[in-house]
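> Read off the chains here:
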Amino acid sequence: MVADEIRRVILDILSRIQPDEDLSGLVDEVPFREQLELDSMDFLDIVMELRKQYRVQIPEEDYEHLASMAGTISYLEPLLKDVQSPV
Amino acid sequence: MSSYVDERIVLTGVGLASPNGNSLGEFRESLLNGRSGVVAYETRHMGAVLAGVCDFDALAHQGRREVRRGTRSGSIAIYCAHEAVADAGLDLAERDRSRVGVFLGITEHGNVETENEIHEISQYDYDTSVWSHHHNPRTVANNPAGEVTLNLGITGPHLTLGAACAAGNAGFIQGAQLLRLGEVDLAVCGGVSESIHTFGIFASFKSQGALASHEDPTKASRPFDADRNGIVVAEGGAICTLERLPDALARGATIYGEIVGYAMNSDATDFVLPDAGRQAECMRLALDRAGISPDDIDILSSHATATDQGDIEECRAIREVFGDRESLAVNNTKSFIGHAMGAAGALELVGNLPAFKDQIAHATINLDRLDPECGLSQIVANAPRSLDRAEYILNNSFGMLGINSVVIVKKFKADG
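So the sequence lines, in the order shown, correspond to chains A and B. The first sequence maps to residues 6 to 92 in the working numbering. The second sequence maps to residues 359 to 774 in the working numbering.
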């Protein structure tokens, strides 16, 4: 997957975690928590969905890289480079 | 600290989700018109079973995120609590919410989520790293009551009362007791059940030979009938607001009835088989506490679940306490909706409350051939019965491990 595909995957996960939120204006460089009502359990949902869908095991010390969309994409790009995009 | 020990406790609001109605008005109409809520239902691993299934709007009082994060029993409880508070004409924003308590009876909790998670990890070769972080907050025993406090911003005490199928009454009893202790000024209480979402409860009843089957789902739940063959599992909830009488009068509340007596006891005899002697003792204890005699009861809302021995034992207990007095009306709500477990006792009580106004005892449906071993002449069979008097309702609710609960509600009269 390339950056755009990873972004779509994360948006898909976020839309399931936050079904009532409008994600169209999400700014990639701004932390998720400053734009969405996202608590620690929601954040763990992102980690869990990545684990289930792509078997990506993200260690707790790396969670800080997932604070924003841009950070998440940068972190996941090398891990998912050989994974086929689902969309 | 003020003493409220002798205060009268009144019921001022009702919210419910039943397989045959999502408000007291709808529920009552279904009960008076013989409308069942039992349908064919698919459950994991077992396929087709029968169940009482609710269709209330979970999004009426929750966002989709909240529904997703919580449990089915939490959603049922939130819906019922909101409806009860609104029905009572209460605005919680105007109240001291640290003086509000939530007390909900449950038969079981956590089986649904545990089964879901085991199913989920089975899709990943039982890799426990995909076990949900939501599992613990969803399965703690206080979950449905806790979800109500989160949703409504209630900061007083909250508890679930694990009391098997006697739990609906237990919620009301806990609420009344904490009002009298002065621990709370408003009790949001009753019972809830999500049990149709766990295959285990169906499978266990089936293994026990106690799961109902019938080609017509609406005829499957048939307490007291000679051809009964077991329980129809249902989901649902009923929650009431209880207040001390002076508080209710001061705000001009509509009063559905007054809780004048209650009792709980234990058989101490068997894991599953009921005990008529202890059930009779429980009814007598509630009557004594209410300061009335068996002859004062007009409607007896029975617990009978359509199991072979359970119905016989309850009839034996009712005969022992009430004799053959013909003016007693014995009815049964499970014949309409199945057995709503922790919600059963609560739904069964509130569905009878309108009788204080309309003087009608709703029926027990599906009673085509009364089992001679049940042999109660006072059962209101298949059609509602008009009553000469509707002053007192006694609500039976019994459960596994020999737990019995009885609540007596009196038609409200300001002078007692």
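In case anyone wonders, no lab produced these hints; they're calculated from the structure. Fair warning: this is a prediction, and the values are worked out from it, not measured in the lab. By construction, the Cβ of each residue, glycine as well, lies at the ideal position given by its N, Cα and C atoms. Don't take every hint at face value.
What the hints assert, rightly or not - Per label pair, the in silico range of CB-to-CB distance:
hint : chain 1 : residue 1 : chain 2 : residue 2 : range
1    : A       : 29        : B       : 538       : 50 to 56 Å
2    : B       : 415       : A       : 33        : 34 to 40 Å
3    : B       : 587       : A       : 39        : 58 to 64 Å
4    : A       : 20        : B       : 487       : 38 to 44 Å
> Hint by hint, work out which the structure violates, then give me just those numbers in ascending order.
4
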